[in-house]
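Trainee: Sequence:
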Amino acid sequence: MSLVRRICLAVSAGGLALGGTGAAVAQQIGATTLVRNDVSRLKQSQRNSLAEGDTVFRDEAVQTGADSLAKIVFLDQTNLSIGPNARIALNQYVYSEERPAGKVALNLLKGTYRFVTGDLDKKAYEIKTPVATIGVRGTVFDVWTTGTRSVITLVEGEIRVCTRQASPQACLTLDQPGSVVVVTVGGLSPAPRDTAARFGFDGYCGANPGLCTPTRFSEGGGVPTPTAFAALCGR
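Each number in our numbering comes from the position in the sequence shown (counting from 1) with 1 added on.
These are calculated hints, taken from the structure and not from any lab test. Where is the CB? At the ideal position from N, CA and C, for every residue including glycine. It is possible that part of the hints are untrue.
[Unchecked claim] Using C-beta positions, here's what the derived DEER-type ranges look like:
id	residue 1	residue 2	range
1	172	38	34 to 44 Å
2	208	124	27 to 37 Å
3	138	38	17 to 27 Å
With the sequences and hints as input, model every part of the structure.
Mentor: Quick look at the structure:
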C-alpha cells in the first residue's frame, strides 16, 4: 500500500489532527518511512505494531525490538533513525507551515539513534536522554543511551551536551566531526575519537538503504504537511 494511501486511511479513521472542524484529538507529527521487524507504538496501556508509512502522533512512544530498525520523518523534515532495542517518547511537537517557529521535544529513553535536524530554528529542539540534554546547532549526531549512561557522537555540525542535573550542571560543546562525549549520572567527559566508548550509527546504515539518507516530504519519502491532506485524500 502506498504511503499516501496509508495516510488517507488514517485520516478517514479519525487519527490525525488536521486543524479544522471535527479534527481528532491526536496530533499527527510525522510518519515512519522505514520499518524493519518488530516496531511498535505505545500509548498508555495500548501497544500496536507500526508498519512502513504509518503515522506517528504526539504524546506516544515508539519502541523497537531486537534486530529491528525504524526511521521517522517529522513534519518539519527532522529525520530520526532508530536502532534495535530502543524506546523514544514523542513528548512535544509544535509546527505548522504558516507559523514555522515551533518546538520539538524528544526523550531518547534507551537504545541507539541518529538525529538529523529539520527546518525549525535550532533553538526549537530539545533532545533528552535519562542523563543528558542535547542542544542542537544544526547538525547530525548519534546517541547510544541506557538509564545511567549516554554516549553522544557528533557526525556533522555542532551540538552542546549538558548533564540533566541542574546543580552542578556540566556542559560541553562538540564542533568537530567524530567528537565524543560520555555522560553519566556523575557528570560528563570528552572521549578520544578512537576510544572503545565511541558509538556510531553507521553500522546500521550500509545494510539498510534509506535508514540514514535524509528524507524530505517533498521527495515522496514522508508525509505531507497537514494543509496538504485534504487535497491528497480528496477532501
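Trainee: So which hints don't hold here, by number, going up?
Mentor: 3
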